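Student: Got chain A; can you put chain B on it based on the hints?
Residue strings, one per chain:
Number of protein chains: 2
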Amino acid sequence: MKITPVTADLSIKRTIDQGTEEQRKAVLNILEDVKQDGFSAVKRYTLQFDGVSPDAFKVTQEELDAAYRKADNRTIAIIQEAIQNIRAFHERQVQQSWFTTKPDGTILGQKVTPLDAAGVYVPGGLAAYPSSIIMNVVPAQVAGVERIVMVSPPQKDGNLTDIVLVTAKELGVEEIWKIGGAQAIGALTYGFEGLEPVDKITGPGNIFVALAKQIVFGTVDIDMIAGPSEIAVLADHTAKASYVAADMLSQAEHDKMASAVLVTTDRTLAEAVSVEVEAQLKTLPKREIAGASIRDYGAIYLAETMDDALQAINDLAAEHLEVQVEDPWAVLPNIRHAGAIFLGSQSSEPVGDYFAGPNHILPTNGTARFSSPLTVEDFTKKSSIISYSKEAVKAHGDKIASFARMEELEAHARAVEKRLEED
Amino acid sequence: MKITPVTADLSIKRTIDQGTEEQRKAVLNILEDVKQDGFSAVKRYTLQFDGVSPDAFKVTQEELDAAYRKADNRTIAIIQEAIQNIRAFHERQVQQSWFTTKPDGTILGQKVTPLDAAGVYVPGGLAAYPSSIIMNVVPAQVAGVERIVMVSPPQKDGNLTDIVLVTAKELGVEEIWKIGGAQAIGALTYGFEGLEPVDKITGPGNIFVALAKQIVFGTVDIDMIAGPSEIAVLADHTAKASYVAADMLSQAEHDKMASAVLVTTDRTLAEAVSVEVEAQLKTLPKREIAGASIRDYGAIYLAETMDDALQAINDLAAEHLEVQVEDPWAVLPNIRHAGAIFLGSQSSEPVGDYFAGPNHILPTNGTARFSSPLTVEDFTKKSSIISYSKEAVKAHGDKIASFARMEELEAHARAVEKRLEED
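Chains A and B supply the protein sequences, listed in that same order. Using this note's numbering, read the first sequence as starting at 200 and increasing by one per residue. Using this note's numbering, read the second sequence as starting at 200 and increasing by one per residue.
Hints are computed from structural coordinates only; laboratory data are not their basis. Please read all numbers here as calculations on a predicted model, not as lab measurements. Please note that the accuracy of each hint is not assured.
It does not matter which identical chain is used: a pair holds within one copy or between any two.
Below are the DSSO-like pairs computed for lysine-lysine, each with C-alpha atoms no more than 27 Å apart in a straight line [unchecked claim]:
| # | residue 1 | residue 2 |
| --- | --- | --- |
| 1 | K269 | K355 |
| 2 | K269 | K257 |
| 3 | K212 | K201 |
| 4 | K593 | K439 |
| 5 | K598 | K481 |
| 6 | K301 | K593 |
This is chain A alone, in the form it adopts within the complex:
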């Protein structure tokens, strides 16, 4: 890998696939058809795109049980422990409703309410990551969402993969539909007989799923449209080159458009990482993907000072940031933008992908400047509470009416004054 000095306003800008106008029109059509024709449209598109016509689109208890019986005990135990860790972390995110009172009898507050229903999209084939199911479902469950609906495209045999069913069963998700693509997003948004609409749709998918989510946004809520994965490593002379290289490659193997960047104050490390990346790459099963990612979106930047390095790290606003420096906690206060921050040489990024507890659904493409990991809060909404007393209206009503008239809203002023004039 080439080593270059850090420059001002570092950024890894990639052109995210926004879909073509043709794809957008196709998706609009599918959504409209599902809205109009419900299940029969879903059936039609499933045959067209997935090449199958399942006997039943809703997964039965028997299917769940059968998949579960086939799973080996160690796999189940690992999934269970991961769920437990992830649940424990997300429980810390639960927000309480609160209120405040005033001596004049006024009560103000904020009520937190879980969403009624959430839909989780699980991609088909190899991309049906159990970790992704866990990361989408757990925050919704912890938030108190009563109904969680999972959708996933059927395979060629008309079924979902065993690992998807096992993970769903471990999570206690019971409503699972064999529907994928834009038609699944339409089904979750508009519903059909047997499937009630949901309020929010999360989970990754291909370009058709992403376009469909963008289009239905507003009718339902959606999560962010995720871009390719990214890792930035901030390292000094204490970092181990083999660790840094391995971690960079762990993101590079995801996608040819994934990005792996090292920012370091130490030239020796920079050179060693460059060598290690090439060496480790050679024996990776996904060396073609990882190699392309490193070539096109990988970089090693050399900074003169830790301050310069931190500035570069904040400019990058990476999805994953590893801090492999002598005292990682000392630099933490100066890290402003990153989706998840991994502190110390032992905290390799994959620790957070599956097991530690925090969510692995993180802002990409520089959006960590203003976006957050998926949280329990994303499955709740708030309502303001205002209870004004007679005394409070008497004391402040004239001021409120004046404010309304400042904005030439006479009916607003009169609504308040009605309470002043009548006893």
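Tutor: Frame of chain A; chain B shown alone:
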């Protein structure tokens, strides 16, 4: 007003103006020009759309001081008290960073960081509501956003209105630009010499502003695109018809597409409100707007039971909900969807628009099912923190590697195993 029985799945569906394809193209052009040409494009579009070419686009301290000297003391005092109340409420929303430790040395946590910079759009002319400026700026300030930039289109004389400047000065906003329309959204997103880009843009605007915000979303964050205002009133026999009618009209006067709905269990009240609305409407300065709103999007629904009424209220998921029943706190737990909930006969909706403390920027058009009022959190973002110890990696590393291999991500597994093999 007509009185009808409540039906299942009540909703006030209005076709929100999404803009024409032509308007969208015009906005895309403006944004592209501002991105390419910076200030010179802003200058050109300001002359074209606002018909002026201000000497300086940035408001000076002298302009702020001059506007302030002209303002009367009572106006200033009311604005100050409103800001104080609104600030006090929003301070309750501040979230703390937190962390948790495990005996094996692992530390997990969530770091809350304010956005670096926020832009507030303030519409021109009469829509330049001081309350709207306060409601956008205060949560950003309480969140700790260091840089708040206000933009607003210049009037025919090349200046901003005094009330905008006075409110900005009271809030302590110092960076104010005389730029409006899509060019202002472009300037905030891409910046130009003298104006650094921001991370999030909030505030209402016309269709060009709304389209521009939708297009730049992703490069920066935006607030929700607000629809016309709405009020729903839940009332029983204890409610006062004149209050209910006045409150319904207070929202109806905003917009011909605003909606005002009463859901009541009491026929006598329903009939009295119908009469009162017509009577009060007659003397309103904005009777034409309010009358159209009541005619097209107003309704009185009669429910047989309070349970039915509550179901209807939840189906509506109104922006503003007034609860004028015998014991409003008794029904609060059953209200699942509403932007702001006003409890009791004294809590008329305008109390919350200007003065009480909660934010008046609320989800419209049924989106209260999944969206929240504007909060301090909207001006912060979170980063997950993961610090794994050597002991934790030793204990769990093999499970994490197995999980990675379950997803066929070998480089992930190796990154963790590197820590196991080397000591």
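Student: Taking the earlier hints as the rules, which of them does this structure contradict?
Tutor: none
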